[in-house]
Structures are given as C-alpha cells and as structure tokens.
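Please put together the full structure from these sequences, using the hints given.
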Amino acid sequence: MQSITLRGAAGSWNASPSPHLRDNVTTRGLMRDVCVALLPALACGVYFFGWQALRVVIACAVSAVASEYIYQKLAKKTARVNDLSALVTGLLLACNLPPTAPWWLCAVGGAVAIVLIKQIYGGIGQNFFNPALGARAILMISWATQMTTAMAAQPGVMTGVDTVAIATPLAMKYADASPAPFTITQLFLGNIPGMLGETSKLALLAGFAYLLARRVITWHIPVTFIGTVFILFTIKTGVIYALDASGAAESAQQALYQTLSGGLFLGAIFMATDYVTSPIHPWGKAVMGFGCGLILFVIRAFNPAYPEGCSFAILLMNLLTPLINRVFRPRMFGEQPAKPKEVKGGA
Amino acid sequence: MFSAVAAAREYRFPGGFHPRGCEQAKALTSSAPLTPFAPSDRLILPLSQHIGAPGEPLVAKGDPLAVGQVIASIKAYVSAPVHSSVSGTVIDIAPCMLPSGVAVPSVIVQNDYEDRWDPSITADDSPESRTPARLRERIREGGLVGMGGAAFPTAVKLNVPEGHAVDTLLVNGVECEPYLTCDHRSMLERADELIDGATLTRVILGAKRVIFGIETNKPDAIKSVRDAIQRRNIPECTVAELPVRYPQGGEKQLIYAATGRKVPIGSLPVSIGVVVLNVATTIQVSVTLRTGKPFIERAFTVTGRVREPRNLVVRLGTLVSDLVDACGGLQPDAVKLVLGGPMMGVALSRLQIPVTKGSSGVIALGAEDDIPDESPCIHCGRCTRVCPMKLQTTMIDMYVRKRRYEAAKAAGVMNCIECGACAYVCPAKRQLTQMCRVGKRMVPLLVK
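Chains as they are written, first to last, in our numbering: chain A, 14 to 360; chain B, -16 to 431.
Incorrect hints may have been included.
[Unchecked claim] Partial list, computed: chain A residues near chain B (C-beta under 8 Å):
1) His33
2) Leu43
3) Val289
Rather than coming from a laboratory, the hints here were simulated on the basis of the structure.
Yeah, the Cβ is synthetic: ideal placement off N, Cα and C, and Gly gets one too.
Laid out in structure tokens, this is it:
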C-alpha cells in the first residue's frame, strides 16, 4: 500500500495524497486482457498445426516468465512477474514463431525478448522495441532456416510430427505470380502455412474486438496500419490491372490477398499497439499506423527476396515513437494557437 | 424557452470521466436534509481560512465574544475577516495545525450557549438599491470566500478589474465529487435564497445573465432551481443541464460546458466575461446582504463509513470529531478520513480539526479504497486522454521525479488543476497528481 499511517490523538489513520479513489484498471488486468484476446489466435494455431504448436506456446511463455523472474532476482529488482507482462511477451513471441520451432529456439527467444530487449533498458515501460518482435528479428538473423520453415495447415490433425516444408502464401505468390495459391476464405480462416498465431484473421479480429470492448487499445493503429496496406496495394495492383470493371475487381482482390497474408493482422492488432513502443496521441497513433503500412508495403512490393516485412516495419516505427510523441503534444485546454515558442516541446 | 436555447449546443470539455460508484456514494446522503448542528462547547477559529494574506487577531485571551464579532482584521486587499461563530469567551490564541500541514494562529472559544449576536450587525431591507461598491463592501465585511474549496475572497472576485466587462454569472451547482451532497441539498432546500443571491451578484457584476450549471444526475435540484426561477419570474436566470462528467465543477471546465468559452491559459475567467460562484457562496451572498450576518456557518456533509451519514449546517470552528459523533461515530472498518471530496480532498491524521470556510465535508473510507503500490508507467496514455487541461501528466511525472523542473514547466505543469483524474485512471497507480502538485510548488521557486 502506498499510504502511510498517521497517528493522531484518537487512533491512527491511513494517509496518502489525493485522489483517494482509484479506478479498478491495473497493469496486470490490462495484460490479462491481452492474454485473453490472444487465446483465439493461439487456439487456431494449435488447431491448424497440431500439438507441436502448443509446445511452442508453452516453451515461449515459460522462457519469458522465467527469464523475467530470474533477471529480477539476480539484479535485485522489485519482482514484477505478477504484472503478467512477461507472459504477454511470451505468448506474442509464440505467435511470431513457426509452429515447427524447436524448444531451444523458443527458450532463446523468450530470454532475448525479456533480458536483452526489455530488462536491460529498465524493465517494463522502458524498452524502445517491442520485446517479442525484437527477439523475433534476432532469431530470424541468427537461425534463418528454422525461422522460415513453414508447414502446411492440417486442421484438426493433432499428431503434428510430419512437418511439410511449404512456402507461405506470400512466398508462393512471389514464386508463381498469379493465380493466387490460396483463396481469400482460406486466408481469412487461417488454414494456410504461416507463423503460429498469424494465420487466422478471424481469430485475430475476435481478439481485436475484445481489446476494443475492454478499452485496452484504441482503433487508431490497427485501422490505419491495415488500411494503409490495403490502399497502397490497391493503387499498385490497380495501376497494372484495372482497365475495366472486372480489372478493378481483380485489383481489389489482389490487394485483399496481400492484406490478409503474412503477419499484418497480428502485427497491426497486437504488436504495433504495444503501449510502450507506440505513440500516445491519437494523431501520433495514426502516423504510427500509416508509417508501418508504408514500410510494410515497400518491403513487400519492392523486395521479392524478403516477402514478410511486418515485424521490421513495426520495429522501425518503434524507433520513431519518441519522436512522434514529441511532435504530437496535445494543445492545452485554453492554449492559444500558433505561439512562436511552441516548437520547443518537452526540452 | 430560454433554457431550450441555452441547451441547444452541448460543449464537451476535454478529458474527464465518471468515477466508479459515484451515484452510490452520493446516495448515502443525497436525501439527508440539511440539519442544524447545535454548536459545541469549544470551537477553534483559525485566523486564516482563505487564499491571501492572513488576518491579525483583534481579540485577546479572556475577551468576551458575540456571534458575528470580527476576530481577525483585514488589511490586505486579497483577504477576508474571520468572525466568531458563537458567543462566549476567548480561552486562548494558539497555533492550530490545519489539514494542509500548516500551523495557523487560531482563536479558541468557549461557547456560553447564549447565542448573543454582535449588535453592530444590521439587516438591510433593500440591498437592491445600494451601489455595487457598497454591496461588495458588505460582502467583504461579511468574510465571504469561495465555499467550493479554493476559498478565494468573494469581494475580490466580484470586483471586475478595469478594462474588463462581465456579462455572465455562472453559479456552480455541479458538485461532481463523489460522496458530497451539501450543495445538492442546498439547491433543494434553499433555492429562493440561491436565486436571490445570484440576482444580487449579477447586479454587482453588471452581468446580463445568470446560468446555473447543474449535472443531470441531480434532476430534483434542476427542477428546484427552475421552479424558484419561475416563481420569482427572473428571465435573466437559466439552468444549464450538464451531462455527468468529472471534473465538471472545475472552473474552466464548467465555463466551457455552460457557455462554450475557453479561459485562455494564464488568464482569469473575468477576461472572457464570466465569473463563477459556488452554490453555497451564492446563498451566503443573499444571507449577508439581507440580514447582515457574516459567514459563520456552512453546509457540511458527513458521510462514508459513519453510522448515520448526514448533511449538517455547522458553525465554523466546530470540530469534525463532534460532527462525526453526531452521526453515530465511525464504523469500525473506517481506515481513512478525508476532508473534502475523495478526488481532491486531504487525508486527515485526526478528527480534532475545525470546519473552516472552504471545507465541504468529511468522508470516512474503508480498506477497499486503499491505494495500491506504484509500478512503472506503461505509457498507455490514459492520463493524457482523461486530463481536462490536456496535459501529458506521465511526462510531467517523469520530469518532476527527475527534478527537471524547466521541462515540467514547458509541459504545462502550472496549468494543472489538481483534479486527480490522471491518478484515478492510471493502471500503474502512479501518484501523477501529487507529482504535478510538487511541480507546481517547485517551478516558481526554481525556474526563472
């Protein structure tokens, strides 16, 4: 408790600065909500990729939580495992790994996310990269083979031993150009190859709806992010195809294929909205979403060697977040517009 | 008709929220009528109960006192005299520790229960025919200060500075703090005096209109004030029904909600032609101008974990402990005592403190309202969304803790109204409001 006890003549009373009422929302509660919101996506991952996916989820979660606990013990810091933020990082990391990832890869990923990206910068609230995405990037560079092994979805087949190496929808698209190897419905439901938690857009949207309903996040980043990608691809594909009405429909179809592929929904809903590494102001969030969308578009459209650009788009915008926060300072209530001193900012 | 026009457009001040359990907390006392509390044996009258220069004692140990007798002089312009609230004898003049932590010289009075009034107090049959300057003088002599909490001398507020014109008197009947209902009860039970005080104040200011700002969670108060306006047929008065949102009772927030005008940063409401008075103050204006009685008693809510929550009319200087006793005492699970509202009030270390001009109630809180430990900021932005002044309090919090007072000033800490909204919503339970308070005290000392 923050209150100190004051001893008066007729007893002792708690004392603390006002306000003396506090909302029920806690850091732990928010993190719990994120975990709940991830459940549909994780469940779809296990359904499509079998028990081995569950193994990845557990390994990542245990590694992240244990790393947090051990680091805080060794560094003699306040133990904060109970705030569930490490669990969120673990689950998000699992979503960003292939369902075939070996257990040691998961363990290294969890430790890298918590220790290297979060704790050594000061712990919760102090990191400038999204921990799960930072870890994914490091794993990607270090163990490219294991990280890019995709497997075909086998809905409901819970054996999960016979890994079928298969290209992701985006990789296939670059290999074969059109026609699209998967239907839009498949991309939406998630029975496609891909990372553990990214394939089912339906499940991710369910999580998004839950986060919005619980007022954990706002709509700004996911909507601007996904919207930017869709519009840019519509323009790009439209330039090539749309000479008549059916061409326009085709270009929209192509843009939708791009939008529903890869890690875009997972990234836009769960990764780019991380409080610590995204801007506070609504306009700042919009800039974050637009920037992510633009970078993702550039990576996907102009770099065929690397079809999946979502995590790097978000990591780059993470780095710009402090700058965006500085630019979009809200104007105080009653503040006169256009004071010349305005640009000074937070000094 | 008038009110329909006034309500045509809703102005929504930035930020704000609805405190949880506000209605239940208010329901404890919202139907408890204002009950006079018989003055107790001994009262403590601090000689400074207002913002501004403190008064000098005019009485000495052993002196007899009459009700309404001036016991603290006023020399400075921004100041207010203090009057004896009972008749009796001065036992002592000694420092008394007020909840703010400041020891203030105080007159300690032994009540003789004769209720003998100072003979110099004279009623006025027609204050309407006096000049504004004369009425202001009566208000000044009556020791009136803002009764909503800030305790700014009313006569100073009503003296419109050269070069400004006030067209609107705004009467603050919002009472947006949970638990407190003394303004609500006053609007129900003393609506005629309220309208009278508002009309007299309007004349003093030379204002064209009076707006009563009341939140829609007090429909009976809205009706009561409307009925009183109708009875007296005063077309200059209207009621603005405001949607419930904390901190609507903040001066700048209320002005915007009721008139659509924004007070520029660093300016006073008078610069945009508005003066705001609290409901209780407005009633006191009527009392003082008509009867000549100075400000010696006020409505006071005793609520929370007391056995019988009540609204009392108490003489200033009455000990809060006497009032709690009159309400059946504390419940055994009360662990915290708050003077004022739960959002902006001050935690007490003891109940043996006097009711002063700015105190509106005492609340006993239980262990479930204990403040959990602070944890690191997660940059969720809730404090920024809820701030009615649109400050980024998490940044101010960081600057103040790092003693970067210049950065805190640049971030606007001096414009914080200390409403508590940021700390209320913070999931990390950080003491954001307190850090803003620290910043507000340190910046003038350390930043040029």
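Each hint tested on the structure:
{"no.": "1", "hint": "His33", "verdict": "holds (5 Å)"}
{"no.": "2", "hint": "Leu43", "verdict": "holds (6 Å)"}
{"no.": "3", "hint": "Val289", "verdict": "holds (5 Å)"}
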